[in-house]
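Colleague: Each chain, written out:
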Amino acid sequence: MSNINRRNFLKLSAGIAAGTTLGAGAAYTPAALAQAGWGNQPEKGAKLRVLRWSRFVQGDIDQYMKNVQAFTAKYGIEVRVDNESWEDVRPKAAVAANTGAGPDIILGTNDDADLYPEKLLDVTDLANYLGKKYGGWYPAGEAYLRPNGKNWIGIPLGAAGSMIVYRESQVKAAGFDSFPKDTDTFLKMMQALKAKGTPGGFALGHATGDANTWCHWLVWAFGGKMVDKSGKVVLDSPETIKALEYSKELYATFIPGTLSWLDPSNNKVFLDGQISVTNNGISIYYAAKTSKDPKILAMAADINHASYPVGPAGTGIAFHLFLNQMIFKYTKYPKAAKEFIRFMMEEEQFGPWMQASIGYVAHPLAAYAKNPIWTVDPKHLQYRDAVKDLRPAGYDGKLGYASAGALADFIIVDMVAEAASGSKTPKEAAAAAQKRAERYYKV
Amino acid sequence: MHRLLDNRNVLGVLFMLPAGALLLVFLTYPLGLGTWLGFTDAKIGRPGEWIGAENFTYLFGDSVARLSLFNTFFYTIVASILKFALGLWLALLLNKNLPFKAFLRAIVLLPFIVPTALSAIAFWWMYDSQFSVISWTLTKMGVIDGYIDFLGEPWLARFSTIAANVWRGVPFVAITLLAGLQTVPPSLYEAASLDGATEWQKFWYVTLPMLTPIIAVVMTFSVLFTFTDFQLIYVLTRGGPLNATHLMATLSFQRAIPGGALGEGAALATSMVPFLLAAILFSYFGLQRRAWQQGGTDK
Numbered sequence: 001m002s003n004i005n006r007r008n009f010l011k012l013s014a015g016i017a018a019g020t021t022l023g024a025g026a027a028y029t030p031a032a033l034a035q036a037g038w039g040n041q042p043e044k045g046a047k048l049r050v051l052r053w054s055r056f057v058q059g060d061i062d063q064y065m066k067n068v069q070a071f072t073a074k075y076g077i078e079v080r081v082d083n084e085s086w087e088d089v090r091p092k093a094a095v096a097a098n099t100g101a102g103p104d105i106i107l108g109t110n111d112d113a114d115l116y117p118e119k120l121l122d123v124t125d126l127a128n129y130l131g132k133k134y135g136g137w138y139p140a141g142e143a144y145l146r147p148n149g150k151n152w153i154g155i156p157l158g159a160a161g162s163m164i165v166y167r168e169s170q171v172k173a174a175g176f177d178s179f180p181k182d183t184d185t186f187l188k189m190m191q192a193l194k195a196k197g198t199p200g201g202f203a204l205g206h207a208t209g210d211a212n213t214w215c216h217w218l219v220w221a222f223g224g225k226m227v228d229k230s231g232k233v234v235l236d237s238p239e240t241i242k243a244l245e246y247s248k249e250l251y252a253t254f255i256p257g258t259l260s261w262l263d264p265s266n267n268k269v270f271l272d273g274q275i276s277v278t279n280n281g282i283s284i285y286y287a288a289k290t291s292k293d294p295k296i297l298a299m300a301a302d303i304n305h306a307s308y309p310v311g312p313a314g315t316g317i318a319f320h321l322f323l324n325q326m327i328f329k330y331t332k333y334p335k336a337a338k339e340f341i342r343f344m345m346e347e348e349q350f351g352p353w354m355q356a357s358i359g360y361v362a363h364p365l366a367a368y369a370k371n372p373i374w375t376v377d378p379k380h381l382q383y384r385d386a387v388k389d390l391r392p393a394g395y396d397g398k399l400g401y402a403s404a405g406a407l408a409d410f411i412i413v414d415m416v417a418e419a420a421s422g423s424k425t426p427k428e429a430a431a432a433a434q435k436r437a438e439r440y441y442k443v
Numbered sequence: 001m002h003r004l005l006d007n008r009n010v011l012g013v014l015f016m017l018p019a020g021a022l023l024l025v026f027l028t029y030p031l032g033l034g035t036w037l038g039f040t041d042a043k044i045g046r047p048g049e050w051i052g053a054e055n056f057t058y059l060f061g062d063s064v065a066r067l068s069l070f071n072t073f074f075y076t077i078v079a080s081i082l083k084f085a086l087g088l089w090l091a092l093l094l095n096k097n098l099p100f101k102a103f104l105r106a107i108v109l110l111p112f113i114v115p116t117a118l119s120a121i122a123f124w125w126m127y128d129s130q131f132s133v134i135s136w137t138l139t140k141m142g143v144i145d146g147y148i149d150f151l152g153e154p155w156l157a158r159f160s161t162i163a164a165n166v167w168r169g170v171p172f173v174a175i176t177l178l179a180g181l182q183t184v185p186p187s188l189y190e191a192a193s194l195d196g197a198t199e200w201q202k203f204w205y206v207t208l209p210m211l212t213p214i215i216a217v218v219m220t221f222s223v224l225f226t227f228t229d230f231q232l233i234y235v236l237t238r239g240g241p242l243n244a245t246h247l248m249a250t251l252s253f254q255r256a257i258p259g260g261a262l263g264e265g266a267a268l269a270t271s272m273v274p275f276l277l278a279a280i281l282f283s284y285f286g287l288q289r290r291a292w293q294q295g296g297t298d299k
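Listed in order, the protein sequences are those of chains A and B. Position 59 (the first sequence) corresponds to 59 in the working numbering; numbering is contiguous. Position 40 (the second sequence) corresponds to 40 in the working numbering; numbering is contiguous.
Excised from the complex, chain B in its bound form (with noise of 0.2 Å):
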């Protein structure tokens, strides 16, 4: 026995079983019986019976459910390349030598400390049709007329809630691009300078190279967000006009809770998936980390 506790393999199981557990009870359960209820026709108050894909053929005929895939797509590459461009523009801009530089980055970071379904509420009343202070002051400036109906024509709803959810998803890229410019080692700079080159050719060069691998973390976890975002639609639409901000998690809940089809919302929720895997893969293996930062050369 004590020599099996000393054996350093034996050990390292042993320690890393609650860990295991902890993993296998919160995370993999849930997730697998998610996922298994997607092959059932389980219903809200009665266990389901295994119907193979069925619910994925009939939700692949269902115009509402690829109406949500298009949202989804549109919502979260929209929103992504947004708070990317936005994110990196202001870590730049904080990076730089600002009077009261510790309370302006605080102050970026609030957006993101405000619960969503508050800021969701706040947004909901600045997009009222009735209410909205945006067609308030711009009816009094004399820009508009009317007031515009932010949430209830489709195209504008959809950009409407996009520019919400960037407005909240811009301080996290920015405060976690911005500790990565920290990590930018002065000296390249100082070396780039000597070689004249411009602050462009600076930044194309330095900076956004020594970035990519946190940027590839930043925009991976900005993603995942970004497509399941659940909360600001809910708030905001409920998946209308007409369907038109329907995100894949809106309506899965939609059918699963409200409507009592367990079966079809997991199976939609499950389609979430493979789209969230690829977009792992694809900033795990993109993105990540080159040989020639560490001293050696790309092949």
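Bound-form chain A, shown alone (with noise of 0.2 Å):
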């Protein structure tokens, strides 16, 4: 937890009023800012309290909070942040919804914002500055946030991009000079892989993160989807049952033990040098980049990743963990905290921020596709489009109670792990999937 008061704060200010340039300051005067469309005069004496998930990297909430120092700097408006374990902060958030007290902003995570829409502050002014000013708003951003196609009830803050993490050396070992992008030679490799003692593995446990989002991508690599755009099932098709009989094939191929993986059982299995594909966000690379053991230092040079490879249906599109930040109506202060989005949604804070954090959140903003994050080190360059290429978990319906639930359940997650384990065939996985998907969708 992170405590601004009065006291440390004028001791900060002072670092920072040095530290600021003339040049980024006069880009924030109000008059610039009016004529960029942002008027906006935050209340006297406001005070402001966010909630957030923890880090992933510690380099992002470093920057982070030097972020809000500046804020606080600039405007005089306290600013208090609190950290969660990222699965914590939907309960709060909820409790925060129902009961209409808690934190003014919140840091939430995929649908949250779809689940209580009459609480959150409209903040289409915000969004439509921000997107003006940057390149326009990624798909993804609005599909979670702008969900009746014309107010934005929350400000997209990236995604978290989950993306094929792998050992280059062993991967060329195996016979293959760059990393497979079709479905095919992709599980062609993972044979390759497994035969030559140096298997992959994919999370097949309820975790929330890492399962979720790479079963997603099998599924959708198929062709098959959770429900059509009316919002009808559709899960039990032709299509899923063909994505089951692969990731049998690919189950084979695994290290054993995937049944049972949490979110952070990859990340230590591949630290550990036990496989040698998995899919991740980019704290594999950012730990071993920055880890004092040189053995785990080594590593770092030898680990690349890469986007997922492309099935049958054309795509090899993904699902990533999905970042907002919402305003909640109850909030005494609401000029003061749109200000404070905006701020830090600034190229001047945000630049900054996706540096520190080497791109473990990508930007929702087309025109931060230019940061140099990307392209410094041209490992970072995949996880550059997850937002981009972010597709929602409840594709291909709308965002709301039925996809957070169906999500929540796992339900494309055990399907896959019943049907690669074999403890159903892929049609029986796939028909109680479909059984289990229609009660979130009532029929």
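Taking lysine-lysine pairs in the DSS-like style, the calculated list, with each CA pair at most 27 Å apart, reads:
| id | chain 1 | residue 1 | chain 2 | residue 2 |
| --- | --- | --- | --- | --- |
| 1 | A | 194 | B | 140 |
| 2 | A | 295 | B | 140 |
| 3 | A | 388 | A | 398 |
| 4 | A | 242 | A | 232 |
| 5 | A | 150 | A | 133 |
| 6 | A | 66 | A | 335 |
| 7 | A | 172 | A | 295 |
| 8 | A | 229 | A | 427 |
| 9 | A | 435 | A | 248 |
| 10 | A | 329 | A | 47 |
| 11 | B | 140 | A | 196 |
| 12 | A | 268 | B | 140 |
Non-contacting residues of chain B with respect to chain A, defined by C-beta distances greater than 10 Å in every case (computed):
| id | residue |
| --- | --- |
| 13 | 93 |
| 14 | 102 |
| 15 | 201 |
| 16 | 216 |
To be clear, the hints were calculated from the coordinates, so they are not data collected in a lab. Here a beta-carbon is modelled for each residue, glycine too, at the ideal position from N, C-alpha and C.
Fit the two chains together into the complex; they arrive one by one in their own frames, and the hints show the way.
Modeller: What follows is the structure, encoded as structure tokens:
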């Protein structure tokens, strides 16, 4: 938990004042902002409380807090930032929404905002301003936070991309010069890796992040999907069954034990050198790169990232952990809250923040694709388009209670795990999942 | 007024008021609210409408909810039996004259003192599919070739979580039964010895009957704790693999909070109450102090 009180603020503001260049400061004069279509006067004596998910990479929180301090220095608005494990933010945000009291701003995940749109402050003006200034929002941001196509109920923060992480030397030793681009070659490579004694592994336990992301990719790559546009469950389809048949073959190449894997499992196993391929955020690479252990540090040079292979459906599109920023209607300082989010999303803050977290969170605004973080190390590039290419888990229907419930209940993950492990046939697994999904999308 | 305050009955009610208010606010209200929510379609961020027993019929038709009911029973029954057997055995051992008696008794309590979340993480490492110390030792000893998938195979996962629960629950049973053992008057054993009773007969005809009241209390609590276990499962498996270790408590949380279906989650939690009540009533009427223990005769 981080607390910024007045005393700290005074100490810090001196340092920040010295560090802020005049040029950057000038861009923020009210006149310049008004010209860009932003006129907003934070309430006098405003104080803000922000609840966010705790960092996945240290650089994130360090720079985030620096930005918060810069905001406090500039506007004289005290900001208290609380951190909670990302899976605990959802219940807290839900309680805040239900009781009408709590933090002014909550940084949530996935379809949180779609669960209580009427409790959230309309931020259309802010979204328009930022969108116009920075080359527009990616469609995923709109899918999550502009549910009626008109009003924005939150501001996208980005997405923690989930990509393929692999060991270059081991993939090469298995006879592949580059990472396979399609599912057929991918399977062949996984089989070759297994034969070489350097298998891959993907989480199949109730790993909220890792299992959900790759299992959704698998179903989509073969053309399966949870619901159609009208919200009718169409999961039990020939496409899904093909995906599940594929998963069986794929699972046979995994390191043993993936059925029990939770989110941290593949990170541990990968960094221990036991697997050659998995899916993850950039955190494995970050951990290797910043490790004090020379053995792991050396591994960083051998780690590379790749996009998910393209399947028969002609797409390798994936699901990533989407991150949002919500202002609750009960806040006493709506203008200050909007100003805070605007400030944090401006290039001067957002750019350094992305850099400090080496792209753990990919930007939701098109213009930020130019940020040097994506090119300074060619291994970052795969994570650049996480939001651009993101497909929400509730595809192809509307987001809300049904999509959130189906995702939280691990319907897709359980289906893939059942079929892959052979505890059910692909047909049975798809039928069972269809039944479970229908309960959420009540037919 | 004075006379009223002198009245014992009035005073009694008056003195009970604070406790009554506390119970009402902190016990009855949350329980009532939870039960009420179970009969509504409340979602996170949206108050619910009364929908009668729809949540319950819906859950009854849900394969995962039924599986969680089975898991909960299996988990509770197996873990409770093991905890009772091991706990009683441990209590009998500790009741003997051992060297370092006080020290040993303190050590036995350790698993109970460590916060569940912490010991669960230790078990998580021990059961890890790649880093398990158990698998490592066994492979080094040449007993097995591959690592054991403790939490990946459904039945193995059930037994692994039960083992962790037993490890944690035994001290509570053991120490409480030990306290019970020490209240058994030595004169009874002397009398039994004079009658030529064997060790087994002493245990069966003296120790066990004298212990039943405390067994009733301790096992009621133990069953309640086990039936409502949450932390251990949440850390170890999150209900996986393939929902094989989902208990009603963990599924209720998953549905209500990350899933947003407050009403359904509350209904699932409320469904636990009858089973818990049954467990309490069973121990209350079945195992409570019998008349003979007070010198009367059983009817």
